[in-house]
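Based on the hints, put chain B in the right spot on chain A.
These protein sequence lines are chains A and B, in that order. The first sequence lines up with residues 1 to 367 when you count with the working numbering. The second sequence lines up with residues 1 to 601 when you count with the working numbering.
Simulated from the structure, these hints should not be mistaken for laboratory data. Hints should not be assumed to be uniformly reliable.
Derived lysine-lysine pairs resembling DSSO-like cross-links, with alpha carbons at most 30 angstroms apart [unchecked claim]: (1) A/K298 <-> B/K564; (2) B/K570 <-> A/K352; (3) A/K310 <-> B/K564; (4) B/K564 <-> A/K327; (5) B/K520 <-> A/K333; (6) A/K176 <-> A/K166; (7) A/K292 <-> A/K79; (8) B/K572 <-> A/K320.
Quick list of simulated restraints, FRET-style, between CB atoms [as the list claims (entries may be wrong)]: (9) B/E360 <-> A/N3: 51 to 57 angstroms; (10) B/S307 <-> A/K316: 34 to 40 angstroms; (11) B/K318 <-> A/K206: 46 to 52 angstroms; (12) A/K192 <-> B/M578: 40 to 46 angstroms.
Glycine residues also receive a C-beta, built at the ideal position from the N, C-alpha and C atoms.
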Amino acid sequence: MMNNIGIYIHIPFCKSKCAYCNFVSGKFCQKFQKEYVKTLIEEIKTYKINKKISSIFFGGGTPSILPSSEINKILNCIKNNFKLTKNVEISIECNPNSVNFNKLSNYFNMGFNRISFGVQSLDDEVLKKIGRVHNRNQAIRAIKQAKMAGFNNINVDLLLGIKENKNIFKEIKLLKSLGVTHVSAYMLILEKETPLYKMVNEDKIKLLNEEQSIQEYEKYLKILNNFGFKRYEISNFCLKGFECKHNLNYWQCGEYVGFGVASHSYLDGIRYSNTENICEYVNDYNLKTYEKLSNKEKLEELIMLGLRTKKGVPLKNLLKYNYDPLKNKNALKMLCLKLIKINKTHLYITSKNFGITNQIILKLIED
Amino acid sequence: MDRQQKIRNFCIIAHIDHGKSTLADRLIELTGTLSKREMSDQLLDSMDIERERGITIKLTPTRMFYTYKGEEYILNLIDTPGHVDFTYEVSRSLAACEGAILIVDASQGVEAQTLANTYLALDNNLEILPVINKIDLPSARPDEVKEEIEEVIGLPADEAPLISAKEGINIDKVLEQIVEKIPAPKGDENKPLKALIFDSYYDNFKGAVSFVRIFDGNVKAGTKIKMMETGKVYDVTEVGVFTPAMKAVKSLSAGEVGYIAASIKNVADTKVGDTITLAENGAKEPLAGYKAVQPVVFCGIFLTDGSKFNDLKDALEKLKLNDASLVFNPEVSQALGFGFRCGFLGLLHMEIITERLEREFNLDIITTAPGVSYNVYKTNGDKLEVSNPTNLPNPVEIERIEEPMTKLHIYTPPEYVGAIMELCKEKRGEFLDMQYLDKKRVRMEYKMPLNEMIYDFFDGLKSRTRGYASLDYELIGFEPSELIRLDILLNGEVCDALSLIVHKDKAYQRGRAIVEKLKKVIPRQMFEVPIQASIGNKIIARETVSALRKDVLAKCYGGDISRKRKLLEKQKEGKKRMRQIGSVELPSEAFMSILKLDNDE
Numbered sequence: 001m002m003n004n005i006g007i008y009i010h011i012p013f014c015k016s017k018c019a020y021c022n023f024v025s026g027k028f029c030q031k032f033q034k035e036y037v038k039t040l041i042e043e044i045k046t047y048k049i050n051k052k053i054s055s056i057f058f059g060g061g062t063p064s065i066l067p068s069s070e071i072n073k074i075l076n077c078i079k080n081n082f083k084l085t086k087n088v089e090i091s092i093e094c095n096p097n098s099v100n101f102n103k104l105s106n107y108f109n110m111g112f113n114r115i116s117f118g119v120q121s122l123d124d125e126v127l128k129k130i131g132r133v134h135n136r137n138q139a140i141r142a143i144k145q146a147k148m149a150g151f152n153n154i155n156v157d158l159l160l161g162i163k164e165n166k167n168i169f170k171e172i173k174l175l176k177s178l179g180v181t182h183v184s185a186y187m188l189i190l191e192k193e194t195p196l197y198k199m200v201n202e203d204k205i206k207l208l209n210e211e212q213s214i215q216e217y218e219k220y221l222k223i224l225n226n227f228g229f230k231r232y233e234i235s236n237f238c239l240k241g242f243e244c245k246h247n248l249n250y251w252q253c254g255e256y257v258g259f260g261v262a263s264h265s266y267l268d269g270i271r272y273s274n275t276e277n278i279c280e281y282v283n284d285y286n287l288k289t290y291e292k293l294s295n296k297e298k299l300e301e302l303i304m305l306g307l308r309t310k311k312g313v314p315l316k317n318l319l320k321y322n323y324d325p326l327k328n329k330n331a332l333k334m335l336c337l338k339l340i341k342i343n344k345t346h347l348y349i350t351s352k353n354f355g356i357t358n359q360i361i362l363k364l365i366e367d
Numbered sequence: 001m002d003r004q005q006k007i008r009n010f011c012i013i014a015h016i017d018h019g020k021s022t023l024a025d026r027l028i029e030l031t032g033t034l035s036k037r038e039m040s041d042q043l044l045d046s047m048d049i050e051r052e053r054g055i056t057i058k059l060t061p062t063r064m065f066y067t068y069k070g071e072e073y074i075l076n077l078i079d080t081p082g083h084v085d086f087t088y089e090v091s092r093s094l095a096a097c098e099g100a101i102l103i104v105d106a107s108q109g110v111e112a113q114t115l116a117n118t119y120l121a122l123d124n125n126l127e128i129l130p131v132i133n134k135i136d137l138p139s140a141r142p143d144e145v146k147e148e149i150e151e152v153i154g155l156p157a158d159e160a161p162l163i164s165a166k167e168g169i170n171i172d173k174v175l176e177q178i179v180e181k182i183p184a185p186k187g188d189e190n191k192p193l194k195a196l197i198f199d200s201y202y203d204n205f206k207g208a209v210s211f212v213r214i215f216d217g218n219v220k221a222g223t224k225i226k227m228m229e230t231g232k233v234y235d236v237t238e239v240g241v242f243t244p245a246m247k248a249v250k251s252l253s254a255g256e257v258g259y260i261a262a263s264i265k266n267v268a269d270t271k272v273g274d275t276i277t278l279a280e281n282g283a284k285e286p287l288a289g290y291k292a293v294q295p296v297v298f299c300g301i302f303l304t305d306g307s308k309f310n311d312l313k314d315a316l317e318k319l320k321l322n323d324a325s326l327v328f329n330p331e332v333s334q335a336l337g338f339g340f341r342c343g344f345l346g347l348l349h350m351e352i353i354t355e356r357l358e359r360e361f362n363l364d365i366i367t368t369a370p371g372v373s374y375n376v377y378k379t380n381g382d383k384l385e386v387s388n389p390t391n392l393p394n395p396v397e398i399e400r401i402e403e404p405m406t407k408l409h410i411y412t413p414p415e416y417v418g419a420i421m422e423l424c425k426e427k428r429g430e431f432l433d434m435q436y437l438d439k440k441r442v443r444m445e446y447k448m449p450l451n452e453m454i455y456d457f458f459d460g461l462k463s464r465t466r467g468y469a470s471l472d473y474e475l476i477g478f479e480p481s482e483l484i485r486l487d488i489l490l491n492g493e494v495c496d497a498l499s500l501i502v503h504k505d506k507a508y509q510r511g512r513a514i515v516e517k518l519k520k521v522i523p524r525q526m527f528e529v530p531i532q533a534s535i536g537n538k539i540i541a542r543e544t545v546s547a548l549r550k551d552v553l554a555k556c557y558g559g560d561i562s563r564k565r566k567l568l569e570k571q572k573e574g575k576k577r578m579r580q581i582g583s584v585e586l587p588s589e590a591f592m593s594i595l596k597l598d599n600d601e
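Just chain A, same shape as in the assembly (with noise of 0.2 angstroms):
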């Protein structure tokens, strides 16, 4: 697995801006998505690497709103510039409403194996509070669909904490019923210069407090246990054996080359970010910045990224880089606290204490 790598590809293009994204993505025209595409094919051929592919990740935006047939140059390109694993997976993030069953047909047809849907969550109200261009019907149509056209490993993404959700057990039941494997479930993170950043403060919208949304959580974390959805990372669900290989590779700090705008690689210890300005990008997809991490730095990512997953962080990664858990004086305070355990393989924080991760991950490295 170690020596294997992961494949992101990014598609930044929406049929319009959530209220609350600030990642890199917009509405833009055809002409420009294909001269984007174009790029985009022109970066994945020139690059040459001797590892094998495990895991694609088409994600934005929205790749969806891309034809079929753009898609599938970009994944016949990959196809032919690099090997891929037996069990390769490829994953794509699609909009309800980008999506009909003709489309999911030729993504099942043309390679993909996992579909994720951004459906955020079934009730129309909040929805439409958070500007989505979906509703919940279109949901439910597109997941039934990607079932009918062959998928068997679906996830759905679900945005908590904007409004009390009476419904949670019905419509999990609901989602594991038309063939939901993989459940992403977060926390809505205001970010600001967002317009629902702006319309909290100016008291247009309200959303849940801290204490309503973390009730509403575990009301969740209950509930897709009972119906078989196991926490293997902070915010991931799944039944079981279909983790999603591409995240866990990036929370073991594992190897993978990004293409497209904004998106990020890490080989050999360094980090490679390609330009966000997309119009820069598509003038030339060269223009990226390099980050060599210090040892420091990947013990940091080790924990930070580590900590998140239900297995933990492997002790002797951790012994790698001279850091002992056991001789760590912030760290021994916690595990007598019991916020963080330890196994034999492993530096772990119990479920319980998933709430507080990032106080646990500063202590540990703490200087």
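Frame of chain A; chain B shown alone:
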């Protein structure tokens, strides 16, 4: 013709935002003192903070030449600070002039500061020239404002020039009136030297430089001078004028404004308000009105990074070079480590100093709640001056405590009398007198503990009277009072930096308000944190910061680990700004926030 006939010494007084600095700039520009190119906007406010806040703290005089009816005149403009903390400095600047331009905003009319400063100017027997500014604004109502000036202030405003300093309209009229109406100085060149220090500053080469107005006699390089207050004697090394840059001249004579340098090592030896005379056969009597400036507000200043203590010391020493009113002494806090207890003229002065420490010296500082200095009489006969609550002795050892009192003079339109009385009552004020000056002005007098006055009284007064009331105060000595120490406990431990000295009757109310406020500013921690207020061993208020449970349950996106990293770095930085008090992490702002209690209510 007498030389002094060609000199006019004046200042500009105005309510904040009525355009004082802009008019000063226009005058300088129109007289050709500086070309447009040489001027950065609002020239006289030389510090960044002054420009940002739109207030003038330090005075910068300027000499201008103006030709009127074929004769060349020297106009000396002395700018004045506009805040009650600096009232004394204003009064000394005014004392150096024969006249004042009173700016009134054409749409806003007469406001609090207008009145307070006008009274100050009248006290100094100045000729006042009203000027109506901002007539270019659509909301301008110059005729009504003229009436207001006549009715409220009682100054004839018929001939007041209607100007726009911003657009440069009618500035020449102002210059004409300065020459026509402001009296020329009437000093006697043949008498011994009498020069009033209205400001001073420290120059790395020249030493402490006094900004002076020469009333009688003359002075030049080589003159032996004496400071009448301190009795110290110096040899003058240089005299000069302000162009507005400092330019050496041969001598300064009666009526003139300029500077005197005499290799003086310390600005504390060039006291504002002091009179400079000759060392031998000097003047018998100093000029009237000298007051020693005493700090009245004290607070502790500490660093978030305790290892930089020496940097803080150097910074304070540098500021002190230029600001004789700043005092500081080393102090140790259990919670905050090594720092200084500093004394200031008032809250604004304190804010300016702390801001300069952060900005000009790049220090991350923590200030404790400001307080005053108390006289504590112990049962064993000792007397202590206590400005740090931690130093208050055990109650059984105290015979009595006296607190500094002030007499307040408040000028207000009659409709706010009720609101002011209420506010003064809340602040333990004692009513002394009230007078209707005319239909629109009332003068109220109160006696109030200084401690109460510095806690947001000025802001409270402004907000309850929509900015119309103006305030002046004087210290009138100490009076016994029932004061106690209020302690704040975090997770069961007293945090000394949060202790306060308060009046017994206000302890409960304040204790409650502080714990509520702290609950808001202390971030959730990994465990529950009780916040308590106590008097002695008695807990009088309690709040709890519940444990933190929600962290970034965010989606990780496209391998963008650096985004996560940045977030982590930011949190790390945030942690650096936190002070570890026992097991609790406290943001630096917490120490100051307990001050701003009244604003929230």
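Hint check results:
no., hint, result
1, A/K298 <-> B/K564, "holds, 13 angstroms"
2, B/K570 <-> A/K352, "holds, 25 angstroms"
3, A/K310 <-> B/K564, "holds, 19 angstroms"
4, B/K564 <-> A/K327, "holds, 27 angstroms"
5, B/K520 <-> A/K333, "holds, 27 angstroms"
6, A/K176 <-> A/K166, "holds, 18 angstroms"
7, A/K292 <-> A/K79, "holds, 29 angstroms"
8, B/K572 <-> A/K320, "holds, 24 angstroms"
9, B/E360 <-> A/N3: 51 to 57 angstroms, "holds, 55 angstroms"
10, B/S307 <-> A/K316: 34 to 40 angstroms, "holds, 37 angstroms"
11, B/K318 <-> A/K206: 46 to 52 angstroms, "holds, 50 angstroms"
12, A/K192 <-> B/M578: 40 to 46 angstroms, "violated, 21 angstroms"
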